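If you want the building blocks of each chain, they are given just below.
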Amino acid sequence: MSGMSDLLRDLEHKVRDLEQTARKTGQNLETALAPLREEVAKLRRAEDDRQTGRQAPEKAGGERWERVGLARHPERPTALDYVERLTEDFTQLHGDRLYGDDPALLGGPAVWQGIPVMLLLQQKGRDTKTKIKRRFGMSNPEGYRKAMRLMDLADKFGLPVVALIDTPGAYPGIEAEERGQGWAIAESIQRMSRLKVPAVCAVLSEGGSGGALAIGVGNRVLIMENAWYSVISPEACASIIWKDAAQAPAAAEALKLTAPDLLELGIVEEVIPEPAGGAHLDKDAAAQALGEAVSRHLRELSSLRAEELLAGRAERFRAMGVFEER
Amino acid sequence: MSGMSDLLRDLEHKVRDLEQTARKTGQNLETALAPLREEVAKLRRAEDDRQTGRQAPEKAGGERWERVGLARHPERPTALDYVERLTEDFTQLHGDRLYGDDPALLGGPAVWQGIPVMLLLQQKGRDTKTKIKRRFGMSNPEGYRKAMRLMDLADKFGLPVVALIDTPGAYPGIEAEERGQGWAIAESIQRMSRLKVPAVCAVLSEGGSGGALAIGVGNRVLIMENAWYSVISPEACASIIWKDAAQAPAAAEALKLTAPDLLELGIVEEVIPEPAGGAHLDKDAAAQALGEAVSRHLRELSSLRAEELLAGRAERFRAMGVFEER
Amino acid sequence: MALEHFFRRSRPKQQAGNDLPDLWTKCPACKETIYNKDLDANSWVCPKCGHHLRLDAQQRMDVLLDPGSFEQLSGRVFPSDPLDFVDTETYPERLERAQAKTGRPEAILTGRGQIEGVPVMVAAMDFAFSGGSMGSVVGEEIARAAEAAAAADLPLVLVAASGGARMQESALSLMQMAKTTVALEGLHAKGLPYISVLSDPTTGGVTASFATIADVIIAEPGALIGFAGPRVIQQTIRQSLPEGFQRSEFLLEHGMLDDVVDRREQRAYLARLLRLLKPSARQQGGEQ
Amino acid sequence: MALEHFFRRSRPKQQAGNDLPDLWTKCPACKETIYNKDLDANSWVCPKCGHHLRLDAQQRMDVLLDPGSFEQLSGRVFPSDPLDFVDTETYPERLERAQAKTGRPEAILTGRGQIEGVPVMVAAMDFAFSGGSMGSVVGEEIARAAEAAAAADLPLVLVAASGGARMQESALSLMQMAKTTVALEGLHAKGLPYISVLSDPTTGGVTASFATIADVIIAEPGALIGFAGPRVIQQTIRQSLPEGFQRSEFLLEHGMLDDVVDRREQRAYLARLLRLLKPSARQQGGEQ
Ligand SMILES: [Zn+2]
Ligand SMILES: [Zn+2]
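Residue numbers (the numbering used here), protein chains in the order written: chain E, 1 to 326; chain H, 327 to 652; chain S, 653 to 940; chain G, 941 to 1228.
Hints in this document: simulated from the structure, not taken from any laboratory.
Some hints here could point you the wrong way.
Stated by the list, open to error - FRET-style restraints, in silico, Cβ to Cβ:
id : chain 1 : residue 1 : chain 2 : residue 2 : range
1  : G       : D1093     : S       : A920      : 54 to 60 Å
2  : S       : G727      : G       : D1093     : 56 to 62 Å
3  : H       : W568      : G       : E972      : 36 to 42 Å
4  : E       : E324      : S       : K700      : 19 to 25 Å
5  : H       : G603      : G       : Q1174     : 35 to 41 Å
6  : S       : R916      : E       : T130      : 49 to 55 Å
7  : E       : H13       : G       : N976      : 35 to 41 Å
8  : G       : N976      : H       : E389      : 50 to 56 Å
9  : S       : D714      : G       : A1129     : 50 to 56 Å
Note that the structure is a prediction, hence the values are computed from the model and not measured.
Glycine included, every Cβ here is placed at the ideal spot set by N, Cα and C.
Using the sequences provided together with the hints, build the complete structure.
The structure is reproduced here in structure tokens:
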């Protein structure tokens, strides 16, 4: 818990630093500052709650909100933490060849526990500096366009795609909209649905809306035990329906966004168990479980022909949805 | 000739206007101003020459330089002049779905003398205002990326591609380089070489380097009698080799960039005759000749299967070049 | 994603709380009061200022298709409540209210019809139904329309109007983005045109799926179109948004649209385009 | 397009007019005088400042390939003068001078070799020959290398170094952009990797054709890479160019490169990448 107030002090310092830099150099750093300020505010609320002995909102929520808390734990392993433990020779290929290189969505060929794959991953950053650089895992259109380019390479070289999903959502910014955020996500969904190679996706921590689905059109979709995957974050849902972001715990309950919920709804094939207390308590064990599950699905898919993979993926998503026919 | 000094006055006025606007609004209009200033300088030199009775450089050059002059004649029909005369229902489709809509490279489906086609065209502008808007026919990467998107549609709907080439070259600008001008041209060349439908290209006036070839990978490439097509403009060639742009007439001779030269070199299949004195003297007749030639080649290609079209285009360009084997 | 500011906004026409008699509508842009008959004759474009008023799905079909040519395809698929979603009220209560208000089971109407004699499959979202949000039923109806179009060798014209995904169906709603996308593959495989018409507003998961992977994408003038809602962006960047941000004209300039087409010219535009893209439709089409 | 400022620039190494004895080279970046043997041992990267000196085609093969593994493919194709091009001198005179200077018929060297045991087809442009400009022969040799790679089931690694197209072959030179592009299709069809290495400088028609349609594009640090030359751009926009404009690091940031790779790490990088992209090469490759 004192770890948290250290982090808070750190972040506040960093924000002041950036604000000064912005003033001095006339640079517009708002894009970097905004999510950071949010983080600070969140931590400060939690810290206040702790000091005043008030019950933290995490406690007010049910089991689902607790899991959301675990999914966002500051020590939660990031995609690269898993990649470092599970792959060899990961060679990051940069850029969309159109506009830029997105820092939140990375990819390139690698060997996953002995299996050559094309890796796509969403990386949130591991400390303040990299969190800012990686926009807390929120991509601009360049990220999804890089992903599509790497899917082209995966198809050309017959490399199965492994997509590690971890994003609060696509970045909501002026430039993102100018460069077609919606278009990029839609095209990435379409491109992924057309892969002639196997695709295995795993939601590591947060699966935020279209920004997650953009690389989530797999033949198999797995999810870590304490990850969430939803059409909207609990906070945003709460502020729309209850007009109060503090109702996030209730929204989390209503949204049924946890791994067991998603398994029951048929959204995912498998829940990957985490060490007791969460993946952050034993990153090696968490990685081992993820690695084993992904490898197993890759092996199962490896015997299928391109047409079977295409048809299987299309049928999987075509069947999604619950309705009544009268 | 007084027409030319009118145009000069017009242009000078426009430049001053724009400069004022730029100062007042703080807008950076250099991109628009630069080619305009060049135009003014050129016209002013020509006007000075006329008034001092000095022989205009056009006269100093040989037949090739005269043709370059005709290709750049202010009354020369633009691509849209031909399109208006030869097509019905041209429906311009805008944008690259990535960044912007290039004003110099246009396209969309149309009916070409009764034949449904996907039209691509480079438009220079017909008056000062549209010339500036269309950057004198010089595209940014967005133009070539729009062309590729339309080629995708042409393939999907089985529409033959008609490409009307008229550009001094791709736009040389900071932003163009930032967004991968070279990459866009290369990819457009590649995309066009992969068309499963017939592609007929016609160089209308200027075929400037890679910016022209980007939409010049046709099964048939035609050229108007007084158009030029070259790896470099005579002026740029002269300033590199002779360190003197005024040697452009000599460079034009050396570059063998005229329609008859290109026919002899095997770069084009056919030279489309222009009315005596140049296309500007009878736009309808010029259009008639272009329309007939393009339609004839479209009809000839219409019976070929996709593989034949692909192979034919590849062989056509694979065979280009002159060398000795020892 | 971007629903929050739509739910509270009243619809321009014949809305509860509107103190004008049902025969008149106040234009939300120029505030002029206009006789509904005049609006109707003008495709619900304000004759004073050109503002394109929002249409419900049936009005959209009336405006888009040749009179009397519409045959409904959808309507047998009804929403359920797979998540037992409860907030300030239950999801079934919300649905019943929307159904009562619109007389429609969901936020979508699909069918076949003709545009200047060219036969098409057509789908129109209904913003009046829960902000046009996309849940399982909207996704299913769009998927079926796409598949029916491919089966019948017809082009598909789809008019989007949506605040995004249906929160009350959470991940199931998210999956409709992929479901609609894969269902459109049949049209692509058969070389059949798919044209998307974006109307005010089109945001969130609809902008990030089927609405923007069409062969040709046009928008109505002045429509709000984007992925993230303006409010969300403003909260993130803490700057005011540029003039015209996320409006059709802005998106055209940024290369995202094929064109912005006035509603009164859409039938002519679409008929021409469909004949151009599918030359065989040229024979089927009427004289116009 | 961008040749003008290269023709007058002296090459860093053993150039006429260099007043240092042949055993030493002055680094064009830090101006330190360095023993050639030390440079050679360091892949011609300045040990003082890290500047990547330009290499001729043979040096490039030495740096890139396993020692002794290179077998030349090119060399039987010679340039001619189809246009009877005459400016201040004749084209044949220019060619003879370049041939005498480089001991090579043209601005390209191709062959097969191994990179850490992985067999590859390889092509390196020679900037020392007429600024690495691309005429009919360069285009033909690259096309043949691509075709030979496809025929032998080998990946292609191509090192670009060029001021652009060969003016003296005018439209024929321009057509090499399309010729090389279509010749690369065979590699694509067989799923064979094509990796492009951009070295200083790569501009003009080479940047706008084969060099930038590779599966993976890497660049050497600090290399000038662009379509239009900096001088042309400056003349057009009448503004000074931003710091680092058109350098490798700038292009990486703008999404155009897969990575910037130090020359001394290129063999390891390429071997790893080739094994990853063509898993069958994993068996063929050595231990490294
Ligand atoms: Zn009005
Ligand atoms: Zn040095």
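- Item | Hints violated by the structure (listed by number, smallest first) | 4, 7
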